[in-house]
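Asks: Given next are the chains, with one letter for each unit.
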Amino acid sequence: MRKQLFRRGITAAAIIAGLAGFSAAQAQETYKIGYITDLSGPLAGSYTPTWEGFELYIKALNDRGGINGKKVDVILDDDGLKADRAVAAAKKQTERDQVVGIFGLSLSSTQGPVYAEMRKAGVPVVSTFSGIGDALPPAQPFSYSTGIVFEIAGDAIGELGQAIKKGGKVVGMTIDSVGGRAALAHNKKAVEAAGGTWDEVIFPVATTDFTPFAQAAAEKKPDVIVGHYGSGQNLGVIPALRRSGYNGPYVVASYGVTEDTIRQAAQRAGSGENIYYVTRYSSSFDKNPSVGEVAAAQKKYGTSKPFSSMHVTGWALGKFTEAALKGCGWPCTREKLDQTIQTLKVDMGGLTGGPIEMSATDHYGPTYWRLYIWDAKDNVMEPKGNWIKKGSQGFK
Amino acid sequence: MARAGTNLRTSYIEANEVLRRPYQKLLIAFIVAFALLLPAGSSDYFLHLINSCFLAGMGALGLMILTGFCGQISLGHAAFLAIGAFTTVILTVHLKMPFIIVVPVAAVSGAVIGFIVGLPSLRFRGVYLAISTLAMHYAIIFLCTTYQARFAASASAGITIADPVIGPFRLRGEFAWYYVLLTLLTVVTVGCVNLVRTRPGRAWMAIRDRDIAAEALGINLTRYKLAAFMLSATLASVSGSLAAYHSNVVTVEGYTLDLAVIYVAMIIVGGMGSILGALLVATFITLLPYGIDWTFEFLPRVWRFGSTVFGVQVGAVGVCIILFLLLEPKGLAEIWRRIETYFDRWPFRYRPLDTSRR
Amino acid sequence: MEFIATVVILTCTYALLAAGIVILYKAGRVVNFAHGEIAIVGGYVFYSSGLMVGDSLWFAILGAVAFSVVMGAFIYAAMMRRVVGEPFYVAILITVGIAIVLKSAIIVVWRAEQVTIDVGVAPAVRLAGGATLSYMDLASIVLTVVFFLALYLFFTFTRSGVQFRGTAENPLLASQRGVNVNFVLSRAWIIAVSAATLSGVLYGGRAFLGTASVTIGLAGLTAALVGGLDSLRGAVVGAFIVALAQYLTVRLIDSVLSEALPFLILLVVMSIRPWGLFGTVEELDRV
Chain L
0 MRKQLFRRGI
10 TAAAIIAGLA
20 GFSAAQAQET
30 YKIGYITDLS
40 GPLAGSYTPT
50 WEGFELYIKA
60 LNDRGGINGK
70 KVDVILDDDG
80 LKADRAVAAA
90 KKQTERDQVV
100 GIFGLSLSST
110 QGPVYAEMRK
120 AGVPVVSTFS
130 GIGDALPPAQ
140 PFSYSTGIVF
150 EIAGDAIGEL
160 GQAIKKGGKV
170 VGMTIDSVGG
180 RAALAHNKKA
190 VEAAGGTWDE
200 VIFPVATTDF
210 TPFAQAAAEK
220 KPDVIVGHYG
230 SGQNLGVIPA
240 LRRSGYNGPY
250 VVASYGVTED
260 TIRQAAQRAG
270 SGENIYYVTR
280 YSSSFDKNPS
290 VGEVAAAQKK
300 YGTSKPFSSM
310 HVTGWALGKF
320 TEAALKGCGW
330 PCTREKLDQT
340 IQTLKVDMGG
350 LTGGPIEMSA
360 TDHYGPTYWR
370 LYIWDAKDNV
380 MEPKGNWIKK
390 GSQGFK
Chain U
0 MARAGTNLRT
10 SYIEANEVLR
20 RPYQKLLIAF
30 IVAFALLLPA
40 GSSDYFLHLI
50 NSCFLAGMGA
60 LGLMILTGFC
70 GQISLGHAAF
80 LAIGAFTTVI
90 LTVHLKMPFI
100 IVVPVAAVSG
110 AVIGFIVGLP
120 SLRFRGVYLA
130 ISTLAMHYAI
140 IFLCTTYQAR
150 FAASASAGIT
160 IADPVIGPFR
170 LRGEFAWYYV
180 LLTLLTVVTV
190 GCVNLVRTRP
200 GRAWMAIRDR
210 DIAAEALGIN
220 LTRYKLAAFM
230 LSATLASVSG
240 SLAAYHSNVV
250 TVEGYTLDLA
260 VIYVAMIIVG
270 GMGSILGALL
280 VATFITLLPY
290 GIDWTFEFLP
300 RVWRFGSTVF
310 GVQVGAVGVC
320 IILFLLLEPK
330 GLAEIWRRIE
340 TYFDRWPFRY
350 RPLDTSRR
Chain C
0 MEFIATVVIL
10 TCTYALLAAG
20 IVILYKAGRV
30 VNFAHGEIAI
40 VGGYVFYSSG
50 LMVGDSLWFA
60 ILGAVAFSVV
70 MGAFIYAAMM
80 RRVVGEPFYV
90 AILITVGIAI
100 VLKSAIIVVW
110 RAEQVTIDVG
120 VAPAVRLAGG
130 ATLSYMDLAS
140 IVLTVVFFLA
150 LYLFFTFTRS
160 GVQFRGTAEN
170 PLLASQRGVN
180 VNFVLSRAWI
190 IAVSAATLSG
200 VLYGGRAFLG
210 TASVTIGLAG
220 LTAALVGGLD
230 SLRGAVVGAF
240 IVALAQYLTV
250 RLIDSVLSEA
260 LPFLILLVVM
270 SIRPWGLFGT
280 VEELDRV
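Chains as they are written, first to last, in numbering that gives the first Met the number 0: chain L, 0 to 395; chain U, 0 to 357; chain C, 0 to 286.
By construction, these hints were calculated from the structure, which means they are not laboratory data.
From a predicted model like this one, the values you see are computed outputs, not experimental measurements.
There's no promise every hint is true.
[As the list claims (entries may be wrong)] What follows is a set of in silico ranges between Cβ atoms, one per label pair, in the way DEER data are often shown:
(1) U:E339 / C:V83: 24 to 30 Å
(2) L:D346 / C:D253: 45 to 51 Å
(3) C:T279 / U:N193: 51 to 57 Å
(4) L:N246 / C:V52: 48 to 54 Å
(5) L:E94 / C:D253: 45 to 51 Å
[To be verified] Think about it this way: if two alpha-carbon atoms lie no more than 25 Å apart in a straight line, the pair counts; the simulated DMTMM-like pairs of lysine to aspartate or glutamate are:
(6) L:K220 / C:D253
(7) L:K376 / C:D54
(8) L:K219 / L:D198
(9) U:K329 / C:D253
[What the hints assert, rightly or not] Below, a sample of chain C positions facing chain L; criterion: calculated Cβ distance under 8 Å:
(10) T5
(11) L9
(12) T12
(13) A130
(14) Y134
(15) T210
(16) T214
(17) I215
(18) A218
(19) F239
(20) A244
(21) V249
(22) V255
For every residue, glycine included, the Cβ atom is placed at its ideal position computed from N, Cα and C.
Modelling step: build the complete structure from the supplied sequences, incorporating the hints.
Replies: Quick look at the structure:
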């Protein structure tokens with residue numbers, strides 16, 4: 000009986016698979032681009048909002064009529080945070096879907112292989128959220144990034160940390176990952192260059208209880224603590240720090256940490272005082288009109304995740320992409336798109352402190368960073384000080 | 000030689016025959032021809048998937064021998080793959096060794112690590128053995144992470160290695176890799192099939208079924224258990240090394256405990272003690288996410304963009320494992336055997352008396 | 000003072016997780032690799048049930064209890080019962096399959112959002128040196144103690160508890176004496192899932208729930224193995240050893256080593272005494 004049931008089941012499955020036909024042909028003329036990111040893996044919570052921001056921009060763009068009347072078609076694929084799936088998705092998108100460019104990407108460790116494969120195929124790839132050294136000068140061909148490169152982030156945070164307490168003792172915390180360590184190394188350099196002292200606490204990626212590490216950090220009697228990790232860790236570390244008796248300034252380095260996470264962490268810590276936030280793209284609470292555009296789009300089309308600076312990041316990539324496709328013209332080929340991106344200088348409005356600029360050798364450009372402080376009374380982010388500019392030289 | 004019916008064996012030679020029935024020989028010939036000609040009509044993407052299956056298959060064969068034939072549950076598979084990949088990295092980046100030397104050295108380093116990881120098997124069995132291999136996994140991955148943090152050029156991105164060069168040829172592109180991997184996999188498969196149907200295979204199966212009795216029969220447990228571990232680690236190491244060359248980038252993040260657990264589940268679902276099962280299941284697990292992606296393409300656009308559907312892929316593997324274990328614990332290979340036997344015995348339903356049917 | 004408090008809380012966390020694993024092993028010789036996932040999903044269910052009726056604690060508890068009963072009974076009846084005669088690895092792999100399915104459930108049903116359980120997070124006790132303990136921290140300690148006490152009373156004094164111990168020792172004999180082995184085992188699963196859910200809820204209150212949190216299962220498994228897979232006493236002792244060692248490693252040696260440390264301890268214990276410190280000396284063959 001069991002045997003029969005199973006055999007029938009297999010036959011049914013085979014028939015269903017066999018019945019699958021061919022995908023519907025895309026009759027209209029559209030710009031086809033690909034987006035690969037982590038939508039189901041362990042960090043989906045950070046990458047999904049970035050994708051949603053990008054999607055919002057493209058939806059708004061298509062509603063405006065697209066680029067010179069031609070809409071933009073985005074092929075979305077999930078890489079589950081695995082490098083080989085990202086590469087396979089990239090190959091599929093370039094061969095079967097015939098995309099002219101690939102955007103998004105996820106964890107830095109998945110980016111290297113995708114860049115390498117797409118370099119062979121001659122397809123430009125623009126990563127957002129985070130970036131790796133391939134985009135830094137002297138840049139590898141076809142490899143671009145509008146995201147956060149750990150080394151530069153560490154440096155920027157080191158500098159901005161001085162605005163909180165000049166020349167003080169800074170303790171950096173991170174997870175034991177290659178990116179985290181890189182960020183700490185540069186944070187340390189910046190702090191010591193500004194005359195401060197540095198110490199660090201590194202904990203395992205799979206930590207279940209942050210209390211011992213928070214206590215270790217608090218014991219070092221720092222003036223400022225900086226955390227280089229994602230949402231989950233911040234949710235655990237911030238309350239643990241406060242419980243250990245450290246009530247001083249804590250800086251959240253925005254690697255996919257949303258404002259909502261900070262709100263939750265502040266709530267659990269009992270007080271939201273002294274929590275700072277460093278980010279490359281404006282916080283979603285920022286009052287400038289560009290961010291307002293994103294908020295409006297979010298209200299209009301809706302997103303599954305609460306509005307955050309990650310959506311702003313995705314939107315910024317959307318703006319960049321529009322400029323690239325527009326410059327590419329019609330028909331747009333991969334070489335043309337690649338050439339176009341290298342000449343881009345896209346005005347971001349208030350989305351970040353200045354324009355995103357690319358060049359033939361520099362596929363990352365100067366970046367702008369800002370310090371925010373969390374206002375626990377109104378549950379908003381307030382900017383503290385102005386944007387600082389960081390070049391891309393000297394980090395490789 | 001006249002054969003006394005399909006179910007009776009009258010000599011040891013017949014019992015050891017790999018291709019017993021005429022149709023099998025035809026099938027093999029057909030498969031070989033198909034495999035050689037496949038790349039002609041295939042896209043780069045498709046070949047990329049096939050190559051991934053080949054790489055997975057090589058590792059799965061090793062694990063099948065260790066777990067499926069010898070019965071030692073080992074969670075060290077991901078660690079062995081990592082050893083192969085990182086040995087490759089160290090040799091190509093620091094010592095600038097060529098492909099021809101690196102792969103054998105990776106095999107040797109795999110054997111050494113396999114020996115070490117296999118040592119607890121002399122003392123433990125079952126779950127306790129699995130747990131000790133789990134501990135080894137963490138130790139090895141810790142070492143690899145430390146290496147990557149210390150030596151990788153752009154720390155966050157992993158380590159890049161160049162395409163392998165054999166003589167005047169640069170091995171690049173899915174097409175070339177297809178033939179290389181096909182050859183290697185064929186050699187390894189034939190080797191494993193032979194190992195399994197001769198003395199080592201019988202010794203391993205005896206150990207799997209009842210190792211105390213095996214020892215009483217004179218089988219040296221130490222030798223065979225360690226041999227199984229070393230073989231599994233060697234094959235996995237070679238697979239990891241080739242995978243590193245194939246994708247040109249190595250990062251330690253991909254070698255998770257989940258991977259090792261899935262591989263072991265693969266082996267059980269594929270059927271303990273079946274070479275074919277190992278290959279089938281390696282293919283299945285490698286292609287499953289893409290297969291689900293492909294079926295999703297037929298859903299309306301709107302549904303696809305919801306990130307929740309991607310979570311289904313993750314769950315599908317789990318559901319498959321559970322279903323197989325509940326309905327057919329002997330795995331895919333058993334299903335295949337049943338189909339085979341059905342046609343073999345037709346129009347009879349049951350086994351004739353007095354057979355040595357496997 | 001802070002040191003003692005942290006170690007105690009860590010011990011309680013691990014002990015509760017280990018208890019769930021020990022109960023299942025005692026009952027059916029199954030090592031549950033899905034314990035962490037069950038704990039986290041239980042936590043999510045608690046969180047969502049509470050939200051459904053507008054932040055109600057009682058409804059959350061109700062939801063968690065319902066989840067425990069349904070999930071425990073379902074896992075046993077639909078899956079574990081069918082693989083009774085099969086080799087040991089079949090049951091273990093089914094738990095692996097369950098773990099994968101539950102993980103995907105977090106992604107599909109709760110969209111992999113990292114949530115926290117915000118009950119009782121206010122600081123409750125002030126310790127010397129400025130550290131504070133929240134109500135949730137205190138609850139972790141109290142609830143763990145209560146749970147263990149309840150288990151002890153259950154196993155020693157109640158009829159079903161005695162039946163459980165009998166079934167654990169010799170299922171065949173117990174069934175011949177009229178014990179409904181199926182009921183006993185499904186009850187064991189329900190208790191284990193409840194322990195897991197409680198762990199998940201407490202963990203969600205002290206840290207966060209997300210797809211990455213499922214690793215707590217491994218910590219519990221290690222503690223159980225160190226103490227002995229079939230000994231509840233061992234679960235507490237094992238948890239204490241692991242918690243203490245981890246804490247000391249972080250503070251005195253190197254924080255990164257603390258991930259590998261439980262496994263190092265495990266290797267040491269297993270080389271000396273494979274059945275764990277309090278485990279019954281058994282033929283490793285049966286496992």
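Asks: Given a hint of 24 to 30 Å, does the C-beta separation of E339 of chain U and V83 of chain C actually sit inside it?
Replies: Since E339 of chain U and V83 of chain C have Cβ atoms about 29 Å apart, the given range 24 to 30 Å holds.
Asks: Regarding the pair K220 of chain L and D253 of chain C, is the alpha-carbon distance no greater than 25 Å?
Replies: holds (18 Å)
Asks: Please check whether T214 of chain C passes as an interface residue: C-beta within 8 Å of a C-beta belonging to chain L.
Replies: holds (4 Å)
Asks: Go through the hint on I215 of chain C and say holds or violated, using the shortest Cβ distance to chain L against 8 Å.
Replies: holds (5 Å)
Asks: Interface hint check: L9 of chain C, Cβ to nearest Cβ on chain L, cutoff 8 Å. Holds or violated?
Replies: At 6 Å from the nearest chain L Cβ, L9 of chain C passes the 8 Å test, so the hint holds.
Asks: Lying within 45 to 51 Å: is that true of the beta-carbon distance E94 of chain L to D253 of chain C?
Replies: Hint holds: Cβ distance 47 Å, inside 45 to 51 Å.
Asks: For the hint on A130 of chain C, does the least C-beta distance to chain L fall short of 8 Å?
Replies: holds (5 Å)
Asks: Is K219 of chain L close enough to D198 of chain L, meaning Cα to Cα at most 25 Å?
Replies: Judged against 25 Å, a Cα distance of about 8 Å means the pair holds.
Asks: Less than 8 Å between beta-carbons is the criterion; does V249 of chain C satisfy it with respect to chain L?
Replies: Nearest chain L Cβ about 4 Å off; hint holds.
Asks: Is 51 to 57 Å right for how far apart the beta carbons of T279 of chain C and N193 of chain U are?
Replies: With Cβ atoms ~44 Å apart, the hint is violated.
Asks: Identify whether the interface hint at T12 of chain C stands, where standing means a beta carbon of chain L within less than 8 Å of its own.
Replies: holds (7 Å)
Asks: Restraint: V255 of chain C near chain L, CB-CB cut 8 Å. Satisfied or not?
Replies: It holds, given that the least Cβ distance between V255 of chain C and chain L is near 5 Å, below 8 Å.
Violated hints, in rising order: 3, 4, 9, 14, 19, 20; the structure is consistent with all others.
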